[in-house]
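Visitor: Given next are the chains, with one letter for each unit.
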Amino acid sequence: MSKTESYKLTHLQELEAESIHIIREVASEFENPVMMYSIGKDSSVMVKLAQKAFAPGKIPFPLLHIDSHWKFKEMIKFRDEFCSENNINLIVHKNEEGVKQGVGPFTHGSKIHTDTMKTQALLQALDSHKYDAAFGGARRDEEKSRAKERIFSFRDNFHQWDPKNQRPELWNLYNTEVHRGESIRVFPISNWTELDVWQYIRQESIPIVPLYYAKPREVVDMDGQLILVDDDRMPTELSKKKEVRTVRFRTLGCYPLTGAVESEADTIEKIIEEMMTETQSERTTRIIDFDQDGSMEQKKREGYF
Amino acid sequence: MSSPNISSLGIKDFLAQDEKKDLLRLLTAGSVDDGKSTLIGRLLNDSKRLYDDQLEALQRDSKRVGNAGDEIDYALLLDGLKAEREQGITIDVAYRYFSTSKRKFIIADTPGHEQYTRNMVTGASTAHLAIVLIDARKGVITQTKRHSFLISLLGIKHVIVAVNKMDLVDYDQQVFESIRSEYLEFTTRLNIPDIQFVPLSALKGDNIVDAGVNMPWYQGASIMTLLETISISSDRNFVDFRFPVQYVSRPNLNFRGFAGRVASGVIRKGDEVVALPSGKRSTVQSIESMGTDVAYAFPPQSIMLTLDDEIDLSRGDMLVRKNNQPQIERHFEAMLVWMDESNLDLNKQYLLKHTTNRVKARIDAIRYGVDVNTLQRFDAETFELNQIGRVVLTCSRNLLFDSYQKNRQTGSFILIDPLTHNTAAVGMIINRVRSEQLPSNISHEIQSTTDRSLIDRGEREKQLSQKAQTFWITGLHASGKNEVAYKLERHLFDLGRTAIVLNGTMLRAGLNRELGFDKADRDENLRRVAEMAKVLNDQGLIVIAVFISPDRETRLQVKEIIGPDRYREIFIDTTLDACQKRDTTGLYAKAAAGRLRHSPGVDSPYESGTADIIISDLEQVDIQDLI
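Protein chains in written order, with the numbering used here: chain E, 1 to 305; chain L, 1 to 627.
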């Protein structure tokens, strides 16, 4: 800091200040909050902000990972190492009923799998722990329906979002009132763009899952999407078509539902450069978004993040 | 745009440049008819193309926006929710993001029809700047006035008036000039310090990013240039330090941090601060911001402070400077914007959220409503959705506030319906209300509470860490009342409390010296003592009153004056015999000689039966048991 005082913040500092304010507000106003942790880059930024918000103390709420049973192996490894190194209280929830019935994308298709192993699993976890607030790492620039969602987004008893009946949100005064059974989804990085997230990861040296970086990997071409051969649950008629390509992932989820992109970007700078020249948005490699028109909004109404 | 770009800089330098950009939040006001979507679409598109073009070195394919034949439907680019697609209308506030080589921008896009006020007020609450779109063919219309009033109400300091569709009026300078003067004339009634005018053709692209060729008479900057260069850093209040405590962090015994956002002002390490409402002083020991130790902090940083002393401070309290404090009041006037489907109810108790505080609040009176279209005031019984007006509010506790005009952060609040939890209204504080100006229904309430100080008893008690109460020690003359009283005083003193002993000798020497010893004067003596004890209790002090007070009825009256919950009666129940032995004043001797009448215990009764605590053996008294 120089001798003369400057009272200017960069955009990242301003976004950071806003996010930390939001995270602290939830910790103060709710009895039983939880932070959804998807292991992705946005979650990693959100966790970093939570660490900063309470340093030198610990994050005063747990992280919740909904394990769909089909996540990339590298994600699970990263999750366990990261949480234990950072002394983070992590709760993992799986829809055990779904696991028992063998629900998976290859056998049941993306819609049933996502509904059973993600949406239902999430609702089970939220109900059983009776969380009154759940943080999510969604950004408004990601997807059209999110541009209108509040930072503090009200959910009724059935975890449903009503886009027509949202609470107005002014200044930084958040309405945190809920009745028993109702809850609020809180999106502390709503105002961050994809570039902001990458810049912040770079600036703060935030660890991310190595799948984001390009390297030679075994993939198969499935209806135009490059799917990683992550384990032997992939049907052999598919996996036998595997080939090694230099790819990376722009978004992480269930491995059979998340397409890789061919890329040489093996550093954050190269990833950003690639992103800036890319015309398609990051979610185009996420298969669930194309299921039906207005698909994400439909899922959000049903309780999906 | 000729500024350095990603391809000429290389990625690392581009990122270094990008890191330094500041953030401008803006609001766009106008309807689709005014070409608003086209304008936003262009801003988004042109800024995005900045990266594509320059990175891919596709300079040949000009990012020039003047393709009139370009049939892109920009409204689709902005389109959001399914319901809107079906109904063909936008129903809410949407946030858009774009950046140029100079700045990052967040657009609050607040279209809509009936819900306009509610949406626009929402978008305006965080905006630094507003773009008001005017259709050049229509000029300043009702909608323009409504938008501008709301912009002024919400305290946005910069307005760009975009006179659009200049292509449809043959780029006529006269049209532009007359709209400019009409607008300026209208806004003299408002409070917008910085207004700029740009003639525009959003469709053709004139003056959006570049000047274009059609309006050589316009020498000013394009919309994009204004957006990139208008200075907003001086808009914040760096003078009045206000730090609402948001969260108290106690990770271990050695650390107690006060987390929150600097609402306004600048704070430095080593600065003296005052905690409100307690009034306790301390010094800033350390400031942590963004995970690092810093020498000073300013708005809107989220920081964690530590103080030199262990003062009591919790969420909702505020750190300020000794010589620059907010108003501390329960009653204030505010402009309200009604946001809920259910109307304002004067009989309802709302929840009021202000800084990090939440209190109950009632709307006592509606001063007037404002017609957003004409700015005319009207008498109102209630407010319905989207109505605006001035009201008087009373809160269950004092708020620490400034006027909204002086301080957006400490001057704003929201009202929440206690049953539905909807955000019923949002408010901007104008000022506290002087008691003589309060509506009659609440002025009575004020007068009945004797304490009009800005500090209430609860705050004083909090500061002194004690419950203000009166120990009323009663019993026969020479029963040992003073002994107990002074032991009690000593004990309280040692505990760090502040207590005052009042006894008959003390008061009759001065304050009550004209009073005699007949029944009426003795009662008057006790009445005055009770009133005095009440005054002292109101100041947060503990009173130990030592009076024979033999009449039951009189003691009940004393209790009533002091307040039953603050009155604690201790009866020293010793025999007359024991008292006579202890007596060093010769009073009992005089009474026995018949030279003194009405001596309790001798020739008049002591009426017991009202005490909270009875001491019958002075040797066995444990002072701790008395408190």
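A portion of the hints provided could be inaccurate.
Claimed, not checked - List of simulated lysine to aspartate or glutamate pairs, EDC-like, C-alpha gap at most 16 Å:
#1 LYS215(E) <-> GLU14(E)
#2 LYS8(E) <-> ASP22(L)
#3 LYS269(L) <-> GLU288(L)
#4 LYS8(E) <-> ASP340(L)
#5 LYS20(L) <-> GLU14(E)
#6 LYS519(L) <-> ASP603(L)
#7 LYS8(E) <-> GLU19(L)
#8 LYS164(E) <-> ASP340(L)
Claimed, not checked - Far from chain L, by Cβ distances over 10 Å, these chain E residues were calculated:
#9 HIS21
#10 SER28
#11 PRO62
#12 LYS77
#13 THR107
#14 GLN120
#15 ASN157
#16 HIS159
#17 PRO163
#18 LEU170
#19 HIS179
#20 GLN203
#21 ARG217
Claimed, not checked - Not the full set, but computed from the structure, chain E residues with beta-carbon under 8 Å of chain L:
#22 LEU9
#23 HIS11
#24 GLU16
#25 PHE54
#26 GLY57
#27 ALA147
#28 ARG233
#29 PRO235
Calculated from the structure, these hints are not laboratory results. Computed from a prediction, not measured in an experiment: that's the story for all the values here. Here a beta-carbon is modelled for each residue, glycine too, at the ideal position from N, C-alpha and C.
Visitor: Take the hints in turn and mark each one as holding or not.
Guide: Consistency of the hints with the structure:
Distance restraint check for LYS215(E) and GLU14(E): the Cα-Cα separation of roughly 35 Å exceeds the 16 Å cut-off, and the hinted pair is therefore not satisfied. With a CA separation close to 8 Å, the supplied pair LYS8(E) and ASP22(L) stays within the 16 Å bound. With a C-alpha separation of about 10 Å, the suggested pair LYS269(L) and GLU288(L) falls inside the 16 Å cut-off, and the hint holds. For the proposed pair LYS8(E) and ASP340(L), the alpha carbon gap of about 37 Å is over 16 Å, so the pair is violated.
Annotation: proposed proximity of LYS20(L) to GLU14(E) holds, straight-line Cα distance about 11 Å (limit 16 Å). Proposed proximity of LYS519(L) and ASP603(L) is supported: the alpha carbons are some 14 Å apart, at most 16 Å. Restraint check for LYS8(E) and GLU19(L): satisfied, since their Cα atoms lie roughly 13 Å apart, inside the 16 Å limit. Our distance criterion of 16 Å between C-alpha atoms is met by LYS164(E) and ASP340(L), whose separation comes to about 13 Å.
Non-interface status of HIS21(E) relative to chain L is broken: a Cβ of that chain comes within 10 Å, the nearest being about 5 Å off. Not every CB of chain L lies more than 10 Å from the CB of SER28(E), the least distance being 5 Å, so the non-interface label is violated. Distance check on PRO62(E): its Cβ is at least 17 Å (rounded) from any Cβ of chain L, clearing the 10 Å threshold; non-interface status holds. Remark: the non-interface label on LYS77(E) is consistent with the geometry, its nearest Cβ contact in chain L lying 27 Å away (cut-off 10 Å).
For THR107(E), the shortest C-beta to C-beta distance to chain L comes to about 30 Å, beyond the 10 Å cut-off, and the non-interface label holds. The claim that GLN120(E) is not at the interface with chain L holds, since no C-beta of that chain comes within 10 Å of its own (minimum 23 Å). Under the 10 Å C-beta cut-off, the non-interface status given to ASN157(E) relative to chain L holds; the minimum distance is some 13 Å. Against the 10 Å criterion, HIS159(E) stays outside the reach of chain L, whose nearest CB is about 16 Å from its own CB.
At roughly 5 Å from the closest C-beta of chain L, the C-beta of PRO163(E) falls inside 10 Å, breaking its exclusion from the interface. A cut-off of 10 Å between C-beta atoms contradicts the statement that LEU170(E) is not in contact with chain L; the least separation is 4 Å. The claim that HIS179(E) is not at the interface with chain L is violated, since a C-beta of that chain comes within 10 Å of its own (minimum 7 Å). Against chain L, the non-interface label of GLN203(E) is violated: not every CB pair exceeds 10 Å, the least being about 7 Å.
The non-interface label for ARG217(E) is consistent with chain L: the shortest C-beta to C-beta separation is roughly 24 Å, beyond 10 Å. At about 7 Å, the closest approach between the beta carbon of LEU9(E) and any beta carbon in chain L falls short of 8 Å, and the interface hint on this residue holds. Contact between HIS11(E) and chain L, as hinted, is supported at the beta carbon level, the nearest pair being about 4 Å apart and thus within 8 Å. Because the beta carbon of GLU16(E) sits about 6 Å from the nearest beta carbon in chain L, less than 8 Å, this interface hint is met.
The interface hint given for PHE54(E) is met, as the beta carbon of that residue sits about 6 Å from the closest beta carbon of chain L, less than 8 Å. Contact between GLY57(E) and chain L, as hinted, is supported at the beta carbon level, the nearest pair being about 3 Å apart and thus within 8 Å. For the restraint placing ALA147(E) at the interface with chain L, the shortest Cβ-Cβ distance is roughly 4 Å, inside the 8 Å limit, so the hint holds. Because the beta carbon of ARG233(E) sits about 35 Å from the nearest beta carbon in chain L, more than 8 Å, this interface hint is broken.
Hint on PRO235(E) is violated. Least Cβ distance to chain L is approximately 35 Å, over the 8 Å limit.
In summary, the structure is inconsistent with hints 1, 4, 9, 10, 17, 18, 19, 20, 28 and 29 from the numbered list given earlier, while agreeing with the others.
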